[in-house]
Amino acid sequence: MIKFWKIKPSVGLLSIPYSFVFIFFFFIPLVLTLIISFWDYNEYSIIPDFILENYIYIFKDCFNYEKDMCVTFKTYLSTFIFCFITWFFTLIIGFFVAYFLAFYVNSITWQIVLFLLCTIPFWTSNVIRMISWIPLLGRNGLVNDFLLYIGLTDTPQEWLLYSGFSIVLAFVHLYTLFMIVPIFNSMMRIDKSIIEAAYDNGANGLQILWNVIIPLCKPGIVIGSIFVITVVMGDFITIGIMGGQQIPSIGKIIYVEMSYLQLPAAAANAVILLALTLLIIWIMTKMIDIRKEL
Amino acid sequence: MKKSLTRRNMLKTSTAAIGAVAGAGLLKGFPAIHAADAPVIRYLGTAVNMGDAVQKKLFDDTGIKVKFIVKTTDEVVKTIFTQPNSFDIVDSEYFSMPKLVPSGNLLGMDTKRIKEWDNVTSAFTKGEVAGKKIGDQGTAPKKVMYLKGSQSKEFASEPTQYVTLIPTVYNADTLGIRPDLIKRPISTWAELLNPEFKGKASILNIPSIGIMDAAMVVEAMGEYKYPDKGNMTKEEIDLTMKIFTEAKKAGQFRAFWSDFNESVNLMASGEVVIQSMWSPAITAVRTKGIPCVYQPLKEGYRAWAAGFGLPSTTKGRQADICYEFINWYLSGWVGAYLNRQGYYSAVIPTAKKYMEAYEWDYWMMGKPATADIMSPEGKKLASKGEIRDGGSYEARMGGVACWNATMDENKYMVRKWNEMIAS
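Protein chains in written order, with my numbering: chain A, 24 to 317; chain B, 45 to 467.
No wet-lab data here; the hints were simulated from the structure.
The model shown is predicted, which means the values in this text are computed figures rather than measured ones.
The reader is advised that the hints may include incorrect statements.
[Claimed, not checked] DSS-like, lysine-lysine: derived pairs with alpha carbons at most 30 Å apart:
hint: 1; chain 1: A; residue 1: Lys90; chain 2: B; residue 2: Lys242
hint: 2; chain 1: A; residue 1: Lys97; chain 2: A; residue 2: Lys309
hint: 3; chain 1: B; residue 1: Lys192; chain 2: B; residue 2: Lys455
hint: 4; chain 1: A; residue 1: Lys97; chain 2: B; residue 2: Lys278
[Stated by the list, open to error] Selected chain B positions facing chain A (in silico; Cβ < 7 Å):
hint: 5; residue: Thr123
hint: 6; residue: Phe125
hint: 7; residue: Gln127
hint: 8; residue: Ile465
Cβ atoms here follow ideal geometry from the backbone N, Cα and C, with glycine treated the same way.
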């Protein structure tokens, strides 16, 4: 590890603008959030104090096993499940798209063209997506019309829209790019002669993939996973729109609390969400040392 | 007693700090309103009923320009708390007053400076329509109308010279339905949870309004009679949410909505055939050529009301311009504009002067249209011979059962609402 005080002054200067942005727009707000999560509040003001009520409130009834699972646990459980499924599919799809781009497309022009195609989901706004999924997945939508036409079902399938399925579909559709980019980047840096060497030593395609390419793509996979997991953990707009506002998310709870000016409660929820997300990332970086791999 | 650090004070401190750094740069854009030539009003609100036509007419009549700060209902409230000097006038709802007034961020408005004050509809001032008392459960405007003084943080029980908001617009809300898909008459709020509409119903996911719709349904089903729907006890909140949680688990709801456009899409696409809805959303569905009815129900309507407020620091020329703006707003042209959108103007006699007789008969008297009815933007809303949903002003506003509300148990209610969503 490079010691901070051993950095040359000229290099230090270069980092000042970003440090400034980081401290003022990330670090200070974060510390304020942490502080305010221990404050008291009423209908129209927040009161400096040091209380644990905001945290106790979140876990109230959570350790009473006679009752149903509490809202907090239920919400986190559902968020974790979405996180895992989304991570799984974006990883599989993202990996193979990147693999195709890196090893099968030889011209750089085509790589760029196909790469841009992958960004299409980002060309539309949330509002457009909100409207455009209905004619596709809705009760009278294209998919249902087709299923009815080929006689696969007699009645329109309602689980296509406003369900866990549609949420995962939207997430995968949106965030696969976050996997493609870092994995593609890792793959492009693999020395082609290593693959040739493996081939010359008699490894078949599958063995090369498993023993050479995947291990060398690990940093890309981890970076992509961090992107996807942090975005899904904090999401409430996609879950809200695609889940028909019927499926809970931590983000939505924080949003509602903020709109009712319960800022300390929202801050406490945010701190817990942040802690959990950091924990997941910490576990992932324990498995693979990104710094070393880069 | 602990000294409470209100957001306002915190803001003052931080503004001072920023001000010290930014200096003149910040001040330049700040007192736009004091500029002697074309006065500009910074208007904070949802601005759903302030189209381009209104701004143009305002400028032609008074030379005042409006700069909009458009936010959602909840964000408007938040802005009044956290940035009370970021606007010159605010368009807010009465149900926010129990939260806002104790903060002292709003000025008690002087009714002596409002020309048409004596003509403001009795639905606001007395809670009466055509001499008859209307429902006052919830935060009815008359309960939060009067203040003890111009800088008072307390409500007065008797009429005084000072009011929280100068009323502008209000309406009676109910359920929206798709008559072509339901194919039978709907007459009660209880139909929202009727298993016949399983997977085809919706309610709005804005707790303070959704809970009122929920209460109307629970009462209509005969499950419980609330002493005051607008101020439930914890047990009543539990009961209401239990009924809705069970319905949700049974798959009654196709979706919830929290955005105006979502409600329009749900209804227009046929995903939902019965749901809580707002008046302009009905209009939006109808202008697509899809039948949609704002169904009057026998238990009555859930009403809401909005008005103009000023920050408590307003004085001098700034106050003059704002009062001039409000007086213009109530002088009739805007009133007619609002009435034509299906809302009601707070000052009815002036609005009448700006409406054609056939329009007045359709919108206010509940008579069949004698000519096609057009929206202010010139789109056709109803054909000759049609009658307005719910009929006349007296029938609709007279049928109000409750008002949008801020409850004493607001915190608990929001939590329970979130639990229902998570169930």
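> Under the criterion of a CB-CB separation shorter than 7 Å, is B:Ile465 in contact with chain A as hinted?
Replying inline: Holds, because the Cβ-Cβ distance from B:Ile465 to chain A comes to roughly 5 Å (cut-off 7 Å).
>> Holds or violated: B:Lys192 and B:Lys455, Cα atoms, limit 30 Å.
In response: OK: B:Lys192 and B:Lys455 at ~27 Å, within 30 Å.
> Is the Cα-Cα distance between A:Lys97 and B:Lys278 30 Å or less?
Replying inline: holds, 22 Å
>> Can you confirm whether the C-alpha distance between A:Lys90 and B:Lys242 stays at or below 30 Å?
In response: Given that 30 Å is the threshold and the Cα spacing comes to 28 Å, the pair holds.
> Under the criterion of a CB-CB separation shorter than 7 Å, is B:Phe125 in contact with chain A as hinted?
Replying inline: Cβ of B:Phe125 sits 6 Å from chain A, so the hint holds.
> If you take the shortest Cβ to Cβ gap from B:Gln127 to chain A, is it below 7 Å?
Replying inline: Given a least distance of 13 Å, the restraint on B:Gln127 is violated.
> With a cut-off of 7 Å, does the beta carbon of B:Thr123 approach a beta carbon of chain A closely enough for the hint to hold?
Replying inline: violated, 11 Å
>> Against the 30 Å threshold, does the CA-CA distance of A:Lys97 and A:Lys309 hold or violate the hint?
In response: Holds, at about 27 Å.
Checked against the numbered hints above, the structure violates hints 5 and 7; every other hint is satisfied.
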